[in-house]
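There are 4 protein chains.
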Amino acid sequence: MQPPQPLRGIIPPLVTPLRDRDTLDTAGLERLVEHLISGGVSGLFILGTTGEGPSLSYRLRRELVQLACKFANNRVPVLTGITDTSFTESVNLARHAADCGATHVVTSAPYYFPAAPPEMLEYVQDLVAEMPLPLFLYNMPGLTKVSFELDLVRRALDMPGICGVKDSSCDMIYFHRLIEVARQRADWSVLVGPEELTAEAVLLGGHGGINGGANLHPRLYVDMYHAAAAQDLQRTRELHAQVMSLAGAIYTVGRHKSAIIKGIKCALSLTGVCEDHMAEPFHRFREPERALMRERLKAIGLLA
Amino acid sequence: MQPPQPLRGIIPPLVTPLRDRDTLDTAGLERLVEHLISGGVSGLFILGTTGEGPSLSYRLRRELVQLACKFANNRVPVLTGITDTSFTESVNLARHAADCGATHVVTSAPYYFPAAPPEMLEYVQDLVAEMPLPLFLYNMPGLTKVSFELDLVRRALDMPGICGVKDSSCDMIYFHRLIEVARQRADWSVLVGPEELTAEAVLLGGHGGINGGANLHPRLYVDMYHAAAAQDLQRTRELHAQVMSLAGAIYTVGRHKSAIIKGIKCALSLTGVCEDHMAEPFHRFREPERALMRERLKAIGLLA
Amino acid sequence: MQPPQPLRGIIPPLVTPLRDRDTLDTAGLERLVEHLISGGVSGLFILGTTGEGPSLSYRLRRELVQLACKFANNRVPVLTGITDTSFTESVNLARHAADCGATHVVTSAPYYFPAAPPEMLEYVQDLVAEMPLPLFLYNMPGLTKVSFELDLVRRALDMPGICGVKDSSCDMIYFHRLIEVARQRADWSVLVGPEELTAEAVLLGGHGGINGGANLHPRLYVDMYHAAAAQDLQRTRELHAQVMSLAGAIYTVGRHKSAIIKGIKCALSLTGVCEDHMAEPFHRFREPERALMRERLKAIGLLA
Amino acid sequence: MQPPQPLRGIIPPLVTPLRDRDTLDTAGLERLVEHLISGGVSGLFILGTTGEGPSLSYRLRRELVQLACKFANNRVPVLTGITDTSFTESVNLARHAADCGATHVVTSAPYYFPAAPPEMLEYVQDLVAEMPLPLFLYNMPGLTKVSFELDLVRRALDMPGICGVKDSSCDMIYFHRLIEVARQRADWSVLVGPEELTAEAVLLGGHGGINGGANLHPRLYVDMYHAAAAQDLQRTRELHAQVMSLAGAIYTVGRHKSAIIKGIKCALSLTGVCEDHMAEPFHRFREPERALMRERLKAIGLLA
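Chains A, B, C and D, in that order, are what the protein sequence lines are. Residue numbers for the first sequence follow the numbering used here, so the first one is 188 and each next one is one higher. Residue numbers for the second sequence follow the numbering used here, so the first one is 188 and each next one is one higher. Residue numbers for the third sequence follow the numbering used here, so the first one is 188 and each next one is one higher. Residue numbers for the fourth sequence follow the numbering used here, so the first one is 188 and each next one is one higher.
Careful, some of the hints might be misleading.
No copy labels: a pair is met if it fits in one copy or bridges any two.
[What the hints assert, rightly or not] 20 Å max Cα-Cα, derived EDC-like pairs, lysine to aspartate or glutamate:
(1) Lys257 to Asp286
(2) Lys444 to Asp338
(3) Lys444 to Glu336
(4) Lys444 to Glu309
Everything labelled a hint here was simulated from the structure, so no lab data went into it. Model, not experiment: these values are computed from the prediction.
Extracted from the complex, chain A is given alone in its bound form:
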């Protein structure tokens, strides 16, 4: 297998458009994929945190992988989240993803019973041995309770099946150390999760962002990435300020942590891209959150 080129740029973590608890909004998914590819993104990441991956049935996950690959139609890489507490299910889903034409798989730490650093190293070694596609490590300690420590990442340099790290820790000191480590692997990508941090991540050597807000306004994020990658600091600052505004508007409609995902889905629903049903334990925004979101989208120019 010929590994794809190292990923650079914006790779949105797609929301999963749902019609109900266990039914894909297929037409919405197709519109979302078109919306993103036409917005200039460098890839699609499905079944991540924003995609409510762990909340979906396995049947629906498999359907989603199949359809996302079909709709992407080889125009951009498709990264599939396989994070699971069950090793066997991670492997099963990775194989399905490879069969469907996905290009990469992405795993965070098993997120129920926390593994200690030496156990995590064994886990990554065990997992990479079974992977049919290049594997991204997805550092998300706020949700998994477990980090991919720098020592583990250094050991991963010797694992050809690993192709990079996505860091959603919000810890930019860690991120800068990741970049130092990754310099030894030209085929690696080091990507950042929170969109508020993509500008500085790229200005200081990172390779791009897996940013939730790019679901809504991919072009803004892609432009910010290009400005930062081109070292155009003035332009980067302007676009970063716009990203901060968008995030501040969209993510603060609800009061709970789920407000980020609910906010993106609600906004995509209001802008006609896809439905905003949420899988349990969450429910979509009711009125008046929806009304407030409408106002905010108008205020930032995303709704007429």
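Position chains B, C and D against the provided structure of chain A, taking the given hints into account.
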């Protein structure tokens, strides 16, 4: 459906005997079930934390439910863990459990993306509506990041499908408040997780324990429960001291949090009950941990 | 110096009666001391968490030590909190306490920059060498971020200057291990902080409680201690239920963590014992919290 | 009082040179001040976290303030940390600082009993009313458990006595929001704590850094600041890489969190600036840490 009598006593959280990552040690499971029932336990709890529930494939979970019910053969209630990040998979497993003859289901909070208290209330309402069996709430915030707050438990008093709470928070103030709340539902059971806390839990009004160490020495835990339930304080203190010794011996062989589950499985392997293979991300103890466990089991009289 | 007998029973952590930010309510302090001694307590603990010790000026702390000892007048032991981030200030206050006639000093971990376990061991060794009075270790990781780990406590068995542990971790597994360790030092006391846990602590071998609510109703806590120490389980349960009611009534008037201290002070003000001014960063309850407290005190019979 | 110009640039948090637990290394302090001023720093911050402020006796703190101001001799502003759990002691120290000629005071949250957001707002209002000098808010939730939330900072815009924020949360999303808020106060400074984050903080609108490593090599940090403020991205990246190397070399000699402060002091001792005695609960590095530090300083060119 006729609800079973409220549960009282010791209900061990069974380890899942494995031959490899995705293969049950069926003979070991049968021996374990006999070992426990002959030890006087009041029920069997499968697919909990000690049972590595979230680490197992769904195929294996279903096989385990089927076999545990078969081996129990209606002699004691069988409680099945259905904790999942996917609502649909929780419901699927609960239905399978009912089909197999399990008597109760048990759920903790969805453990990836944390739900806020009002979201958790909706989640419990949604879930209980789909349950074919009485549902226990399993409070395990150390692993799920989310508690079943007392306000939610008070609301659950009005849900006939709920039959009690298992608390593994290690917070005995919370536990005493649970007992106060549960007095309004004679059909509820309030059970405690950590075995070091079962004595005081029962002395002060709790109904029993779901204690990992009971896998190894069920009679000790059952005797302690009966002494405490009979308000025989002197005997309770003696047996509590023995439980403290056993836990101190078995759970401190390894250095990581996984040492508890690894320790129970290793001890069961050394005493001939079942194999001690662990599902990823963990591996069974190697030598010299196994040698150390052998010594410790001899020291506390569980190995000749 | 002849060490006092090992402490047993209820030793309330006195609130510090204040007239304003830096002025003692001296008459209130005298009434409080009489109220507690006449309620049967086994000692007085000043300058603890409930006493807002770290919030007071050093001048006021010294005045409080002097007056509390004067008012106690050798009728009961006086324990003085010397917890500080500055070693020198801890030593200075301990010497002052000895000069005033206090019988013990109490220290938690330095609570700004967290020390690691080997550093904490050195700290305790350094500190005990300078102490003019027997020293209690006060385990309060929720506020100090640092525990006195069991290994450290085992090492402290060899330090004659240490006389016991007060545990406010709310972790009863830790507490039971403390009791095991302390059996080797007949002169030690192992006391529990949260009043909701005193019953089980004493039933299973602990020596008493340093319970905030005893400021308000010392007799209730003293009676509960005696019932538990006498192994009268039925009476212990009744009194434990009363303690739970009192705590539930008094500590839930405010919404923040400070509600516990504010609640005790407000209740003492309403019952005529002392003023309820709080040192910053806190302020006493305003109306309507004060009105609600009045109602609750009536409901539990502490106000006519 | 004429407020000083808004602070811009690098303001090192000075270590406190000690000869023993309660004795300043006066000559070392004078050398340190000269070393920093000749290195181009924009101010001196004493009695912060790196300065072991909370570990020092009040007598020594007052002596340090007096001498630091004397040695600075009005060449640069002197910021004095007054963070305390006692409001009265904070005020006392602030007045002393003003008397000695300090230009600003700096406070973090009271760090023993955590205040809730509305309580923190009242605290800041109370404190600023008593301050004889402009006050910086110092956000350090990792040590104080309490953040200065953005809502509080927005309210602080209306308090003329407040002159900015130092953020050591490591949360760059929060930092970017701070910058947005602070735009409304031209006299404010928004400064970042961790030196690994100063480059991006300044590139995206921050005003400088309070960086521990600047004690050792002030010129490097000052140059990095100027490059970033001048939007010279290439030079900023080079200097940021050097800062990362220095931090990676100096801060990882010990295994505990204290390794950062111990490391800076040890390096200053080896380079002849000042003694490296630490106040309890810490002790300076022993051999072999000191030997390892010597090697590392040679490797990065700070020791011949």
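Going through the hints against the structure:
Taking the shortest alpha-carbon separations for lysine 257 and aspartate 286, only the intra-copy value of 12 Å comes in at or below 20 Å, while the best inter-copy value is 37 Å. Taking CA atoms no more than 20 Å apart as the test, lysine 444 paired with aspartate 338 passes between copies only; the shortest distance there is 18 Å, against 30 Å inside one copy. For a Cα distance limit of 20 Å, the shortest separation of lysine 444 from glutamate 336 across copies, 16 Å, qualifies, whereas the shortest one inside one copy, 25 Å, does not. In this assembly of identical chains, the alpha carbons of lysine 444 and glutamate 309 lie at most 20 Å apart only when taken from different copies (16 Å versus 32 Å within one copy).
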